[in-house]
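Colleague: Sequence:
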Amino acid sequence: MVSGSGRCDADRAALTEKIIGLGIKVHRILGPGLLESVYNQCLCWELINSGLAYEREVPFAVVYQGVRLDKGFLADIVVEQSVLLEIKAVERVLPVHEAQTRSYLKLSDCRLALLMNFSAPMLKDGIRRFMN
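Under the numbering used here, the residue at position 74 of the sequence shown is numbered 74, and the numbers go up by one with no gaps.
Please keep in mind that the hints were generated in silico from the structure rather than gathered at the bench. Among the hints, a few may not be true.
[To be verified] Restricting the straight-line Cα-Cα distance to at most 27 Å, the calculated cross-link-like pairs of lysine-lysine (DSS-like) are:
(1) Lys106 / Lys124
(2) Lys124 / Lys18
(3) Lys18 / Lys106
(4) Lys25 / Lys124
[What the hints assert, rightly or not] Label-pair restraints from in silico Cβ distances:
(5) Val63 / Arg28: 36 to 46 Å
(6) Ala14 / Arg68: 28 to 38 Å
(7) Val90 / Glu57: 27 to 37 Å
(8) Arg68 / Pro32: 32 to 42 Å
(9) His97 / Ala13: 15 to 25 Å
(10) Asp11 / Glu55: 10 to 20 Å
(11) Val67 / Ile20: 32 to 42 Å
(12) Ala10 / Arg68: 32 to 42 Å
(13) Glu91 / Val67: 32 to 42 Å
(14) Leu94 / Gly33: 17 to 27 Å
(15) Cys8 / Val67: 13 to 23 Å
(16) Val62 / Glu98: 13 to 23 Å
(17) Gln65 / Leu30: 39 to 49 Å
Remember, it's a predicted structure, so these values are computed and weren't measured experimentally. We put the CB at the ideal spot given by N, CA and C, even for glycine.
All chains, full assembly: derive it from the sequences and hints.
Modeller: Here you go:
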């Protein structure tokens, strides 16, 4: 699991703002209408160029009746071991997308998740925050 418990709320807020800003930059350059994988890759490029550490396709195990089931889920991106990012490129965010993000957040040690829908006309309208 990824640990995010060492980061204070003010640091996490600043990190979140930076991530959102990078997402908006990607969206402004590419616009809506591309595949999720394109936005994911471009956002990771922006993260690394901004000096932020990240992991892609982070596996989270599910523990069921005391048995660890590896790779229960794969989160799109975890930034600085603190903020979980779920990237979408869908016409509209559905409750199932929000449930997916909440599930990933619950299984991780992160306290914050961002669901970013790059198909929104303006990315700021396609971002949802979740706290654990």
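Colleague: Taking the CB of Val62 and the CB of Glu98, does the distance hold inside 13 to 23 Å?
Modeller: For Glu98 against Val62, whose Cβ atoms are near 19 Å apart, the range 13 to 23 Å holds.
Colleague: Is the hinted pair Lys25 and Lys124 satisfied, with a Cα-Cα distance of at most 27 Å?
Modeller: 11 Å, holds
Colleague: I want to verify a distance hint. Is the separation of the beta carbons of Arg68 and Pro32 within 32 to 42 Å?
Modeller: With a Cβ separation near 39 Å, Arg68 and Pro32 satisfy 32 to 42 Å, so the hint holds.
Colleague: Taking the CB of Val67 and the CB of Ile20, does the distance hold inside 32 to 42 Å?
Modeller: 38 Å, holds
Colleague: With 10 to 20 Å as the target window, see if Asp11 and Glu55 comply at their CB atoms.
Modeller: Since Asp11 and Glu55 have Cβ atoms about 18 Å apart, the given range 10 to 20 Å holds.
Colleague: Verify the proposed pairing of Lys106 with Lys124, using a straight-line Cα cut of 27 Å.
Modeller: 24 Å, holds
Colleague: Does the Cβ distance between Val90 and Glu57 fall inside 27 to 37 Å?
Modeller: At 19 Å between Cβs, range violated.
Colleague: For the pair Glu91 and Val67, does the Cβ-Cβ distance stay inside 32 to 42 Å?
Modeller: 38 Å, holds
Colleague: Assuming the hint says 13 to 23 Å, is it satisfied by the Cβ distance from Cys8 to Val67 or not?
Modeller: 35 Å, violated
Colleague: Take a look at whether the Cβ-Cβ distance between Gln65 and Leu30 falls inside 39 to 49 Å.
Modeller: 44 Å, holds
Colleague: Quick one: are Val63 and Arg28 within 36 to 46 Å, going by C-beta?
Modeller: With a Cβ separation near 41 Å, Val63 and Arg28 satisfy 36 to 46 Å, so the hint holds.
Colleague: Taking the CB of His97 and the CB of Ala13, does the distance hold inside 15 to 25 Å?
Modeller: 24 Å, holds
Figure legend: structure checked against the earlier numbered hints; hints not met, in rising order: 7 and 15.
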